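Student: Sequence:
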Amino acid sequence: MHINRRACGFALAIIAFSLAIAAHAQQFPSKPITIVLGFSAGGATDSALRTVSEKASLILGTPIIFEYRPGANQTIAIRKLLEAKPDGYTLLGGTGSSLAQNPGMQKDLGYDPTKDFTPVASIGLGPGVLDVNSKLPIQSVAELIEYAKKNDGALNYGSGGFGTASHLAMEAFMAITGTKMIHVPLKSDTEVALEVSEGRIDVAFQTLQAVDAYVKSGAIRILAVTSVEEMQSAKGLPTLTATGVAGLDALDPYTFYGIVGPRGMPSETVNKLNEAFNKALADPDVRDRLQNILKVEPKPDTQEGFGSYVAEQLAKWRKLSQAVQISR
1 MHINRRACGF ALAIIAFSLA IAAHAQQFPS KPITIVLGFS AGGATDSALR TVSEKASLIL
61 GTPIIFEYRP GANQTIAIRK LLEAKPDGYT LLGGTGSSLA QNPGMQKDLG YDPTKDFTPV
121 ASIGLGPGVL DVNSKLPIQS VAELIEYAKK NDGALNYGSG GFGTASHLAM EAFMAITGTK
181 MIHVPLKSDT EVALEVSEGR IDVAFQTLQA VDAYVKSGAI RILAVTSVEE MQSAKGLPTL
241 TATGVAGLDA LDPYTFYGIV GPRGMPSETV NKLNEAFNKA LADPDVRDRL QNILKVEPKP
301 DTQEGFGSYV AEQLAKWRKL SQAVQISR
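Residues 1 to 328 in the numbering used here are what the sequence shown lists, from first letter to last.
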């Protein structure tokens, strides 16, 4: 029987390539994994992702290292990911602002979360709170809206910077409610919380973790939490939707946390990572720290489910961008 040497060589090459992929999947991970983060160490995002990653590291049997590249609305960190090999060893700690809000509101960021990333694992939801300095004569969301309309431009609001969740959430809130407040961009949620507590900033959307101590001291009053349903991490707080103001459900969630990788990652690698992070989220100690200390609601999901969630959130913010005029 005559054997075509070229065809035989081609078949052997395919077999060798398939075996190499299988070997990679079986061996992964064989070295430390790096999670790039567009924030400084010690913040809310770092704390939440590190809590889960430390447990996932034990499950995977390899160190997970954090590399901090803050600045430019997380785009410095994102560029690092876009340049990385899709082998699973370089990942990005994504947030609602980097995966949905910013790309939904701005067209010139240079990346599309649904096309340029591989969704790996959903981590959790970060409920935000709408809060005011406690000395203001405002006890509810309805009273805030009424006060802002009667005193057009008299109130200011703080944010962690242009394009952050705290900025975009308030811009959307003002568009939905027909109110106007002056934007005061600061450097972080921590700084915003301090300024609100001391009365230099009137109003803000922030993470619950950032304001928790000031609420307990009586310096800050929470008007509502940005969720449709009550969460364990924000138990007892009124939701924005409970205010009866139409359209505020669009602000749920305030932010979310997840892990993404470069486009084109092997499915076996993604599945292994997804399984490890989901197992970490099921750990009682991890869940307790997320919910009760960091005020983050765990949200495990499949890789496909997380990808769909990112796409839904991106579409929502693209729709909101038609009504919201972003101001610096």
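Each hint should be verified, as a subset may be incorrect.
[Stated by the list, open to error] Only pairs whose alpha carbons sit at most 25 Å apart, straight line, appear in this in silico DSS-like list of lysine-lysine: (1) K31 to K107; (2) K115 to K135; (3) K299 to K316.
[Claimed, not checked] Simulated restraints on C-beta separations: (4) F66 to D288: 17 to 23 Å; (5) K115 to A41: 41 to 47 Å; (6) A282 to G247: 44 to 50 Å.
Everything labelled a hint here was simulated from the structure, so no lab data went into it.
Here the structure is a predicted model, which means the values were calculated and not measured.
Glycine residues also receive a C-beta, built at the ideal position from the N, C-alpha and C atoms.
Student: All hints are to be evaluated individually against the structure, with a verdict given for each.
Tutor: Hints and how they fare:
1. K31 to K107: Not OK: K31 and K107 at ~37 Å, beyond 25 Å, violated.
2. K115 to K135: With a Cα-Cα distance of about 47 Å, the restraint between K115 and K135 is violated, given a limit of 25 Å.
3. K299 to K316: At roughly 19 Å apart (the allowed maximum being 25 Å), K316 and K299 satisfy the hint.
4. F66 to D288: 17 to 23 Å: Taking Cβ atoms as reference, F66 and D288 lie about 22 Å apart, which means the hint holds.
5. K115 to A41: 41 to 47 Å: 30 Å, violated
6. A282 to G247: 44 to 50 Å: Since A282 and G247 have Cβ atoms about 35 Å apart, the given range 44 to 50 Å is violated.
Comparing the model with each numbered hint stated earlier shows that hints 1, 2, 5, 6 do not hold.
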